[in-house]
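Undergrad: The numbering of the sequence shown is full-length UniProt numbering, which starts it at 1 and goes up by one.
No lab work stands behind these hints: they were computed from the structure. Predicted, not measured: the structure shown is a model, and the values here were computed from it.
In silico BS3-like links for lysine-lysine, alpha-carbon gap of 25 Å or less:
{"hint": "1", "residue 1": "LYS51", "residue 2": "LYS77"}
{"hint": "2", "residue 1": "LYS77", "residue 2": "LYS12"}
{"hint": "3", "residue 1": "LYS16", "residue 2": "LYS47"}
{"hint": "4", "residue 1": "LYS12", "residue 2": "LYS51"}
{"hint": "5", "residue 1": "LYS81", "residue 2": "LYS51"}
{"hint": "6", "residue 1": "LYS81", "residue 2": "LYS12"}
{"hint": "7", "residue 1": "LYS47", "residue 2": "LYS12"}
{"hint": "8", "residue 1": "LYS16", "residue 2": "LYS51"}
{"hint": "9", "residue 1": "LYS47", "residue 2": "LYS77"}
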Amino acid sequence: MCAGSVCPYCSKFFCKVSMLERHVTAHHQGARLMYTCDICHRRYTLKSHLKRHFNTHHREIQELFTCNICQRGFSLKHHLKRHVLNIHGTK
Numbered sequence: 001m002c003a004g005s006v007c008p009y010c011s012k013f014f015c016k017v018s019m020l021e022r023h024v025t026a027h028h029q030g031a032r033l034m035y036t037c038d039i040c041h042r043r044y045t046l047k048s049h050l051k052r053h054f055n056t057h058h059r060e061i062q063e064l065f066t067c068n069i070c071q072r073g074f075s076l077k078h079h080l081k082r083h084v085l086n087i088h089g090t091k
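Generate the whole structure from the sequences, applying the supplied hints.
TA: Here it is in C-alpha cells:
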C-alpha cells in the first residue's frame with residue numbers, strides 16, 4: 001500500500017508524487033496539446049496518450065480477446081472485460 005497523493009483539481013489518487021505531477025501538468029495546468037493523430041487529428045498532451053489512442057482506434061485491429069458469449073472481438077483485455085460486464089452483466 002502506498003502513502004499517495006491526491007490531485008488538488010480533481011481528487012484523483014496517485015501512489016507516486018511524480019505521477020501526480022505528470023497528471024497535473026498534462027490535464028490541469030494549461031496543458032499544451034502537442035501530439036496530433038495523423039488520421040483523425042485528435043490532440044494529446046503526452047506522446048504515450050497518442051500512442052495508446054492510435055493502437056486502440058487506428059491500427060489493424062488484432063482481435064486477440066473474444067467474448068465467449070457473443071463472439072465479439074477486442075484488441076485489449078480490459079475492453080473485453082468491460083464489454084462482458086456492461087453488455088452481458090457477468091464477470
